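J.: Same order as they appear, the protein sequences are chains A and B.
Under the numbering used here, the residue at position 59 of the first sequence is numbered 59, and the numbers go up by one with no gaps.
If you want the numbering used here, it's the 1-based position in the second sequence plus 110.
Heads up, a few of these hints could be off.
Listed below are the simulated DSSO-like cross-link pairs for lysine-lysine, each with C-alpha atoms no more than 30 angstroms apart in a straight line [stated by the list, open to error]: (1) A/19 - B/530; (2) A/19 - B/721; (3) B/556 - B/672; (4) B/721 - A/83.
Sample of chain A residues with no beta-carbon within 12 angstroms of chain B, all distances over it, derived [unchecked claim]: (5) 5; (6) 6; (7) 13; (8) 19; (9) 23; (10) 54; (11) 59; (12) 64; (13) 78; (14) 79; (15) 84.
By construction, these hints were calculated from the structure, which means they are not laboratory data.
Remember, predicted model here, so these are calculated numbers, not experimental data.
We put the beta carbon where it would ideally sit given N, CA and C, even for glycine.
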Amino acid sequence: MVLKDELRQFVTDNLMFGKPCDGFADDDSFIERGIIDSTAVMELVAFLEQRYRFKLQDRELNPDNLDSVNKLARFVASRLEPKFAAELGPGRVLLGPGPLQFAGKNGPGT
Amino acid sequence: MCGIAGMFNLDRAPVTPESLRGMIRMLAHRGPDSTGLHLEIGVGLAHARLSIIDLAGGQQPMCNEDSSLWITFNGEIFNYVELREELLAKGHRFSTRSDTEVILHLYEEKGEDCVQYLNGQWAFAIWDNQRRRLFLSRDRLGVRPLFYTQVNKAFLFGSEIKAIFSHPGVTREIDVHGLDEVFTYWCTIPPTTLFRNIHELPPAHSMTVDAGGIVVRPHWENQFERESEVVAPSRERRYADELLQLLISATQIRLRSDVPVGAYLSGGLDSTLTTALAKKHTNARLKTFSVAFDAPEFDESSFQADAVRFLDTEHQEIRCSKNQIGEVFPDVIWHTEKPVLRTAPAPLYLLSRLVRESGFKVVVTGEGADEVLGGYDIFKETKIRRFWESQPDSRMRPTLLRRLYPYLQNLQNQPDAYRKAFFSINVDHNLQPFFSHIPRWQLTAKLKLFFSDAVRAEIGADDGYSKVRARLPKSYSDWDSFCQAQYLETKFLLPGYILSSQGDRMAMAHSVEGRFPFLDHRVVEFASRLPVSLKMKVLNEKYLLKRCAAGLIPPSVLQRHKQPYRAPEACSFLQPAAREYMEELLSPEQLQRDGIFDHRAVALLQDKFRKGTAIGIKDNMGLVGIISTQLLVHQFINHFESRMAPHGA
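In isolation and in its complexed conformation, chain A is listed as follows:
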């Protein structure tokens, strides 16, 4: 499973209990769609820190980084230690010298 799909799976299973709202797209805002409630952001942060082995700084806890599947994937990819990214296995997340590339079917913004 690629990074974006894994993040989407987490959000779907843990914040939406397997019932994604109709037409829930990768660019949809979690806040505007009512997916993130008063405390779910802490749950999301706990998942990111545990699964991807980095600590979020307070200044990073903002919707620019966390408010859609695509934003999350971009943020996580930027924060992943290259060593851990390699451990995740080939095809999980592609980090190159240029713009970030994602291994899912849809790239950012699609």
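Got chain A; can you put chain B on it based on the hints?
T.: Just chain B now, with coordinates in the frame of chain A:
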């Protein structure tokens, strides 16, 4: 305090003593001291008595001098002494010293308007055999419960739904609209209940039943007609004096009893003040009772100890663990008769058991002060959101949101951007009447994603809170948001949850009667006229009440940060005492059989709890709500017969 039940066959078919006995037997916990029946052609009234006033002469059902009126009554009329004097002066003759007989004579005198003169907490039915009419009424704030149904030509009523269900002609089915309401407002909105065709008489309403049909009418409404917001210091002093005098009077008349009266002591301002006032007017050493928790974030025992020392009461407490909450929860739900989203009723169930085992039947408590005098954080939240809304681009104003809910650690830890999103000020124009409650209701309504597709389809689309909207008084739109929030809390959540699931039902499960000085209608009406600034001065909640309480309660209790009563939530079901029944009730097979919840969504929720990643309010409310609903289905739909009291019990 007691249990009442009855039946009125409009076609005059005979009411059998067996069917009436079957109904009242289900309410034995409300009235263990004696049972009484009255039967006439087509009519039966039943009563289970908890003797508190006129121990020798207060048996019920009771009749007037010529037996043309019969009453079965649950509650207390606290001003019965004064009313009795007035009625005696008008020539009425009494054969008992009870408050019950006062209602009968007042009905003779004033008819259905008699309730206007009562200061108390009541649910009663009067059978008027000259007019062949049943008159039923419920107190202003909804302290005492009353439910009814109609099956063909039979009208049935009872203090609790289980009494009605004991009648073989009544079918037991879940009403998904009641479920929808609990999973939005935390309570049902009367007349809806959790059960199809079972209705709740709303608080402050009376009804008549006769051959012409059923008519339900309001007899009181809480109106906010405020005096000027500009309050000079001398005027503020007068308000404080007047409030204190009212509270003293409200407490004094609530000490009228032929059995000893105790007091609940939570360690907060409200119950410490009612205890202080009760103590001042009790000759005997006052006995107090409280709940302490093993979990420190819920425990208030240090403040309780301060109050006990300061007021010199004889004190007893129960120490409540998560395991105990899980253990008693099925019995708790048997008594609430509706789902709950919090476990908070469970410790109060254990507390009333302690009270009863200590030989007490009556306790004075502090309920109502938060609603009436502006104590809840939701009022603070409303003020801050309106303040922010007046300058939506301000960066400083929304930072005040950090002052809200200081006791909810996860909420405190969230980033400002998310806090702002949750306490949003962007409320649609048509939802403006509910500005104060939209964040809470919208958060709670998200739990409906756990409903099965069939239940969601039956409920239908979001109706914009139309049922609540239909119950708002005409003047509601003229009030400011603070008063509107107070109205919503007092009208719906207070009777629908605080006074029932946490109040009457938990106390009466062990035959204990609660009495609430803050809910004396004189106090409520006085508070509704107060300027908002005296209820919450800037963000200082219950400002005027604190002024009244100064010197009467320990300074530590007066100055402490408000902590609402809470208990360990869903983690209680992961303890040994609950694990087995939880797994059975939430198994995919059982969930599919019962058809209310989506078993896949519930499995994901359970999985989060097992992994320890369920930290949110929504997850906690979800699991408590799902388990309590499944317990209701188990006890009231699937296995009701096994909970019916055996004959002769």
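J.: Far enough from chain B: is every CB of that chain over 12 angstroms from the CB of residue 5 of chain A?
T.: Non-interface label stands for residue 5 of chain A: nearest chain B Cβ at 17 angstroms, farther than 12 angstroms.
J.: Check the non-interface label on residue 78 of chain A: least C-beta distance to chain B beyond 12 angstroms or not.
T.: holds (18 angstroms)
J.: Please settle this one: residue 84 of chain A was flagged as non-interface, so is its CB more than 12 angstroms from every CB on chain B?
T.: holds (21 angstroms)
J.: Residue 79 of chain A clear of chain B by more than 12 angstroms, beta carbon to beta carbon?
T.: holds (17 angstroms)
J.: Is the claim that residue 23 of chain A lies outside the interface with chain B correct, judged by CB distances over 12 angstroms?
T.: holds (16 angstroms)
J.: Should the label of residue 64 of chain A as a non-interface residue stand, given a Cβ cut-off of 12 angstroms to chain B?
T.: Contrary to the label, residue 64 of chain A does not stay out of reach of chain B, its closest Cβ about 9 angstroms off (not over 12 angstroms).
J.: Taking 12 angstroms as the cut and beta carbons as the points, is residue 6 of chain A off the interface with chain B?
T.: holds (15 angstroms)
J.: So is residue 19 of chain A really clear of chain B, every C-beta pair being over 12 angstroms apart?
T.: The claim is violated: residue 19 of chain A sits with its nearest Cβ about 5 angstroms from chain B, within 12 angstroms.
J.: When you check the alpha-carbon spacing of residue 19 of chain A and residue 530 of chain B, does it fall within 30 angstroms?
T.: holds (25 angstroms)
J.: Would residue 54 of chain A pass as off the interface with chain B, using Cβ distances and a cut of 12 angstroms?
T.: The assertion about residue 54 of chain A holds, with a minimum of 17 angstroms to chain B.
J.: Would the hint linking residue 556 of chain B and residue 672 of chain B be met if the CA-CA limit is 30 angstroms?
T.: Holds. Residue 556 of chain B to residue 672 of chain B sits at ~28 angstroms (cutoff 30 angstroms).
J.: Going straight from one Cα to the other, do residue 721 of chain B and residue 83 of chain A come out at no more than 30 angstroms?
T.: Holds, at about 27 angstroms.
Violated hints for the displayed structure, listed by number in ascending order: 7, 8, 11 and 12.
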